[in-house]
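J.: Protein chains in written order, with the numbering used here: chain A, 226 to 335; chain B, 610 to 723.
None of these hints come from the bench; they were simulated from the model.
Certain hints may be false.
Claimed, not checked - Here are the simulated SDA-like pairs of lysine to any residue, each with C-alpha atoms no more than 20 Å apart in a straight line: (1) A:Lys281 with A:Val269; (2) A:Lys322 with B:Asn627; (3) A:Lys322 with B:Thr629; (4) A:Lys295 with A:Pro317; (5) A:Lys295 with A:Leu271; (6) A:Lys322 with B:Ile704; (7) A:Lys322 with B:Asp639; (8) A:Lys261 with B:Asn710.
To be verified - Now the stretches of chain A that chain B is said to cover, found in silico as 3 or more residues with beta-carbon under 8 Å: (9) 269-275; (10) 297-309; (11) 319-329.
What the hints assert, rightly or not - Across the chosen pairs, the derived CB separations fall in these ranges: (12) A:Thr245 with B:Ile660: 17 to 23 Å; (13) A:Thr306 with B:Ala670: 36 to 42 Å; (14) A:Lys284 with B:Arg719: 45 to 51 Å.
As the structure is a prediction and not an experimental result, all values here were calculated from the model.
Ideal placement from N, C-alpha and C gives every residue a C-beta, glycine not left out.
Take a look at the letters that make up each chain.
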Amino acid sequence: GQQVMQIPQYQHVQEGEDFTTYCNSSTTLSNIQWYKQRPGGHPVFLIQLVKSGEVKKQKRLTFQFGEAKKNSSLHITATQTTDVGTYFCAGPDNFNKFYFGSGTKLNVKP
Amino acid sequence: DGGITQSPKYLFRKEGQNVTLSCEQNLNHDAMYWYRQDPGQGLRLIYYSQIVNDFQKGDIAEGYSVSREKKESFPLTVTSAQKNPTAFYLCASSISGTGANEQYFGPGTRLTVT
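Produce the complete structure using the sequences and hints provided.
T.: If you want it as structure tokens, here you go:
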């Protein structure tokens with residue numbers, strides 16, 4: 226079956242440092258979505274990318290969708306303590322079954 | 610207030626008992642999903658439903674059952690056949706089941722079975 230892997234599994238950064246998480250799918254995705262889950266909370270939708278090579282920005286967050294539509298990345302510039310949480314990528318397979326990545330847990334030290 | 614609700618927030622059961630987790634949405638969404646999350650892990654799909662009276666198994670459906678008799682409700686039963694039921698259970702919904710739309714999550718139910 227389809228697999229969606231993320232690296233790294235954990236990342237500890239000093240406040241102000243940049244952070245990147247990478248998402249890789251074993252199959253082509255029609256779209257990729259990113260979610261953030263705060264400690265003790267539930268996942269919250271951040272953004273969706275649809276086109277090959279697409280890049281979207283949300284303030285300090287930059288999202289990219291790979292040319293082959295099998296990988297994606299999320300980059301946070303100048304992290305803040307409010308960025309703490311686990312970031313998940315997710316996407317559907319050809320049968321509309323949804324797969325979430327393994328997640329990257331970000332810890333930001335003030 | 611529109612949204613998706615799950616109850617209860619915490620649930621404790623003895624081993625060997627079936628337990629049903631509630632999930633309700635008033636977003637008029639066609640699709641609903643159940644995920645399981647273990648500590649420090651990602652989300653694994655248990656069951657999903659793209660339309661009323663229809664549902665499909667996810668990757669870890671064994672030991673679970675669902676029903677979708679109403680558009681707004683998608684209850685999950687954790688049966689005694691589930692070998693390791695203690696986990697955080699998340700319900701979600703989306704406008705359609707095509708995977709083209711974002712998913713909205715409920716607050717989750719933490720189930721502990723002893």
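J.: Hints first: check each against the structure and report whether it holds.
T.: Evaluated hints:
1. A:Lys281 with A:Val269: Since the Cα atoms of Lys281 (chain A) and Val269 (chain A) sit roughly 17 Å apart, the hinted pair holds (cutoff 20 Å).
2. A:Lys322 with B:Asn627: Distance of about 27 Å is beyond 20 Å: violated.
3. A:Lys322 with B:Thr629: 23 Å, violated
4. A:Lys295 with A:Pro317: Given that 20 Å is the threshold and the Cα spacing comes to 11 Å, the pair holds.
5. A:Lys295 with A:Leu271: The given pair, whose Cα atoms are some 19 Å apart, holds under the 20 Å limit.
6. A:Lys322 with B:Ile704: 14 Å, holds
7. A:Lys322 with B:Asp639: 14 Å, holds
8. A:Lys261 with B:Asn710: 16 Å, holds
9. 269-275: It holds: at least three residues are needed, and the stretch 269-275 of chain A offers 3 whose Cβ sits within less than 8 Å of chain B.
10. 297-309: Contact hint for the stretch 297-309 of chain A vs chain B: violated, 0 residues under 8 Å.
11. 319-329: holds (count 8)
12. A:Thr245 with B:Ile660: 17 to 23 Å: 38 Å, violated
13. A:Thr306 with B:Ala670: 36 to 42 Å: About 39 Å separates the Cβ atoms of Thr306 (chain A) and Ala670 (chain B), which means 36 to 42 Å holds.
14. A:Lys284 with B:Arg719: 45 to 51 Å: 32 Å, violated
The structure fails hints 2, 3, 10, 12, 14 (numbered hints given earlier, in ascending order).
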